[in-house]
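Student: Given chain W, work out where chain V should sit, using these hints.
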Amino acid sequence: MINNKFFGRRRPEPSRPIPPGQYLEDGFPVLSAGPTQRIDIAAWDFTIEINDKTVGSWSWDSLNALTQSDIHTDLHCVTKWSKQDTDWRGVTIDTLLADAGVETPTGFVMASCDGGYTTNVPAADVIDGKGLLVHTYDGEPLAAEHGGPVRLLIPHLYLWKSAKWIKSLKFTDQDSPGFWERYGYHMYGDPWREQRYTND
Amino acid sequence: MSQTVTQTWQIATVTSVHDESSRVKLFTLELAHITPFRAGQHFDLRLTAPDGYQAQRSYSVTSSPDEPNSIELAIELISEGEVSSYFHEAVEPGDKIEIRGPIGGHFTWSPVAAKPVVMICGGSGIAPIMSMLRHRNSTGSDVPALLLFSTRTVADILFRDELETMAHHDPKFHLVNALTRIPTIGSVFAKKFEQGQIGRREMRRIDRSMIDAAFAELGVKPARAYICGGSDFVESMANHLLNAGMANNSIRTERFGP
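Chain order of the listed sequences is W and V.
Under our numbering, the residue at position 109 of the first sequence is numbered 109, and the numbers go up by one with no gaps.
Take the position in the second sequence, starting the count at 1, then add 200; the result is the number in our numbering.
A couple of the hints might just be wrong.
Unchecked claim - If we take Cβ atoms under 8 Å as the criterion, some of the chain V residues that face chain W in the derived model are:
#, residue
1, Ile211
2, Tyr286
3, Lys296
Claimed, not checked - Calculated cross-link-like contacts (lysine to any residue; reagent style SDA-like; alpha-carbon spacing at most 20 Å):
#, chain 1, residue 1, chain 2, residue 2
4, W, Lys83, W, Gly21
5, V, Lys372, V, Leu418
6, W, Lys80, W, Arg16
7, W, Lys5, V, Val291
8, V, Lys315, W, Lys83
9, V, Lys225, V, Lys315
10, W, Lys83, V, Asp342
11, W, Lys80, V, Ser284
12, W, Lys5, V, Lys315
13, V, Lys296, W, Met1
14, W, Lys5, V, Gln254
15, V, Lys315, V, Asp342
16, W, Lys80, V, Gln254
17, V, Lys225, V, Val354
18, W, Lys5, V, Thr215
19, W, Lys83, W, Ile71
Everything labelled a hint here was simulated from the structure, so no lab data went into it.
Note that beta-carbon positions come from the ideal geometry of N, C-alpha and C, so glycine has one too.
Bound conformation, chain W alone (with noise of 0.2 Å):
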């Protein structure tokens, strides 16, 4: 439907195409479902469990002896802003399964955080260096607002997948849905296809 009276006043163009129905926004907003999780990084630990099974732990100390990977990407909020060229410092997902010692998994994950939030993403989208823990961004440590010491970071796919706080990735053979995804936002969540709601 068109709006006859609308033209809209595009800001400086992207310097590359953003997804469908996002705008660019040059801040970083902060948005979550409750209250900032201030996290002592001495007392930081994550875990990753494939089939209701530990295989790894990390404290915040072997978390970073590991290889650290930078990543320069785009990210895209499902409430409609796109930030581009954003830098983050953190180890992939690949990394800390290889330290644990294990087979890569297939299936789902679901990412559970300090506070109570999760979210849900197939196995493979966290893999082959598309997902990481991350605790830097723009050569800074990662703010508690953004979900530091450390988040998860899926740049893919819209932001409420990388989860912030991040405590544990559960390897699972089955999918079901986390926090935002149980009041029908997307299982999967691609913002290139405009996966916002379930049915999209």
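Tutor: Relative to the frame of chain W, chain V by itself:
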């Protein structure tokens, strides 16, 4: 808790436009397909230019879910906001708008919850909370409720008459307006404030002591909190409530703006 988003876009008709403040207009949209929603949910709006360019934004419903065939949205004029400026400058009664929803489900309130509730908002952050308070009012709920509403000036208090009327008639609803811009000394407003003629208003930002005093006034410690406003405001209010002893999982937040 499972919620189904109404998936399809529908065309709504604007039936009224009202200036609520110098920066906020209220739009009533009549829906072709009745869509039950929960107090606190939002709708997505989509505008399409003649050349095919599209823009989408989300707006919280301010009306009560007890009137599901129309929704009221509060749209604040944002500087360089392509959607808000269209609504403020071009939209008139009779215009058609593509919408879909309701969306969201966490930042919602129902009287079934029955827990004393504190709501804290800044500026147009009142929008989803207004729907909750109207719902509470229209269902005759006696759940104790406290609203701490931060605005710059009295003129920026959206829904002021309605909120004051609610507070006047309902002993279980407590209203505190925090005004962050100090009135000019000697102004009519400053005089009335000094003379105590303008009711329960605080001339400072919401802080811990204001929250504690309001809890005491409510007479019961809230077991659920809703905070809506700009990001820094929400951050600071959530910290106040955590420091006041509220549980992390009892605090629900909605933030807007970068």
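Student: Each hint: holds or not?
Tutor: Status of each hint after checking the structure:
1. Ile211: 6 Å, holds
2. Tyr286: 5 Å, holds
3. Lys296: 7 Å, holds
4. Lys83(W) - Gly21(W): Holds. Lys83(W) to Gly21(W) sits at ~13 Å (cutoff 20 Å).
5. Lys372(V) - Leu418(V): 7 Å, holds
6. Lys80(W) - Arg16(W): The given pair, whose Cα atoms are some 16 Å apart, holds under the 20 Å limit.
7. Lys5(W) - Val291(V): Holds - the C-alpha atoms of Val291(V) and Lys5(W) are around 8 Å apart, at most 20 Å.
8. Lys315(V) - Lys83(W): Not satisfied, since the Cα-Cα distance of roughly 39 Å exceeds 20 Å.
9. Lys225(V) - Lys315(V): Outside the cut-off at roughly 32 Å; violated.
10. Lys83(W) - Asp342(V): 44 Å, violated
11. Lys80(W) - Ser284(V): 14 Å, holds
12. Lys5(W) - Lys315(V): 46 Å, violated
13. Lys296(V) - Met1(W): 9 Å, holds
14. Lys5(W) - Gln254(V): 13 Å, holds
15. Lys315(V) - Asp342(V): With a Cα-Cα distance of about 10 Å, the restraint between Lys315(V) and Asp342(V) holds, given a limit of 20 Å.
16. Lys80(W) - Gln254(V): Holds, at about 12 Å.
17. Lys225(V) - Val354(V): Between Lys225(V) and Val354(V) the Cα gap is close to 17 Å, so the pair holds against 20 Å.
18. Lys5(W) - Thr215(V): 18 Å, holds
19. Lys83(W) - Ile71(W): 14 Å, holds
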